[in-house]
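Peer 1: Can you make the complete structure from the sequences, with help from the hints?
Residue numbers for the sequence shown, in mature numbering (1 follows the signal peptide of the UniProt record, and there is no 0): -33 to -1, 1 to 155.
By construction, these hints were calculated from the structure, which means they are not laboratory data.
In this text the structure is predicted, and so the values were computed from the model without any measurement.
Cβ atoms here follow ideal geometry from the backbone N, Cα and C, with glycine treated the same way.
Where hints are given, some of them may not hold.
[Stated by the list, open to error] Taking lysine to any residue pairs in the SDA-like style, the calculated list, with each CA pair at most 20 Å apart, reads: (1) K124 <-> R147; (2) K144 <-> T154; (3) K46 <-> A152; (4) K144 <-> D69; (5) K144 <-> R67.
[Stated by the list, open to error] Estimated spans, in silico, between C-beta atoms of each pair: (6) K46 <-> S16: 50 to 60 Å; (7) E47 <-> T18: 51 to 61 Å; (8) A21 <-> P73: 39 to 49 Å; (9) V17 <-> N125: 23 to 33 Å; (10) T26 <-> P73: 30 to 40 Å; (11) K124 <-> D69: 30 to 40 Å; (12) S25 <-> A103: 23 to 33 Å; (13) D31 <-> D140: 24 to 34 Å; (14) P73 <-> D108: 16 to 26 Å; (15) T101 <-> A14: 48 to 58 Å; (16) T26 <-> A151: 12 to 22 Å.
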Amino acid sequence: MRKTFSRRARVATGATVLTAVAATATAFGTVSASAGPAAATPAAASAASVTSRATTTSTHLTVDAAVKAAQAALDAAEKENQRVTVAVVDRNGNTLVTLRGDGAGPQSYESAERKAYTAVSWNAPTSELAGRLTGAPNLKDIPGTLFLAGAVPVTAKNAPVAGIGVAGAPSGDLDEKFARAGAAALTR
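Peer 2: Structure follows, in structure tokens:
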């Protein structure tokens, strides 16, 4: 059921929102075109610069490298007349690229992404991770994961930087073979 508000309630709500927006703009140092020189705002004056010991630097796969890996995996599958989808995710599990091959099943899109996410999350091929379910069956309940063979992690200096997942071939072993072909393309 949708609740309707009186005009008075809508006007009061609108005024409250505008006041909040104006207060936020002031807090972040927004200045109108007619204002004089900008003075240091309390928010800017209290900003702190942290030392290099308080931060880390991480390595990420480039989009160009992700596309190269995905295309190599898809090409490997097409050479064997397999209709698959390939997904490459970054070190945080965010999708960089997904290529859905001609004729790949609709379920393969999400499966490839979830396999890639699983491989990068545990820094292990999903065929290996699928075997762990016998000892820890609740692993399969972790959101976004798929413990089926078909994905491999990509590492740099022994740290995961991406995951390549393939789905749609008749077996997970084939999917993983194609994912490995994608990873191998990054070493050339």
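Peer 1: Now tell me if each hint is right for this structure.
Peer 2: For each hint, the structure was consulted:
no., hint, in the structure
1, K124 <-> R147, "holds, 18 Å"
2, K144 <-> T154, "holds, 16 Å"
3, K46 <-> A152, "holds, 15 Å"
4, K144 <-> D69, "holds, 19 Å"
5, K144 <-> R67, "holds, 17 Å"
6, K46 <-> S16: 50 to 60 Å, "holds, 53 Å"
7, E47 <-> T18: 51 to 61 Å, "holds, 53 Å"
8, A21 <-> P73: 39 to 49 Å, "holds, 46 Å"
9, V17 <-> N125: 23 to 33 Å, "holds, 27 Å"
10, T26 <-> P73: 30 to 40 Å, "holds, 34 Å"
11, K124 <-> D69: 30 to 40 Å, "holds, 37 Å"
12, S25 <-> A103: 23 to 33 Å, "holds, 28 Å"
13, D31 <-> D140: 24 to 34 Å, "holds, 29 Å"
14, P73 <-> D108: 16 to 26 Å, "holds, 24 Å"
15, T101 <-> A14: 48 to 58 Å, "holds, 52 Å"
16, T26 <-> A151: 12 to 22 Å, "holds, 19 Å"
Every hint, counting from the list given before, is met by this structure.
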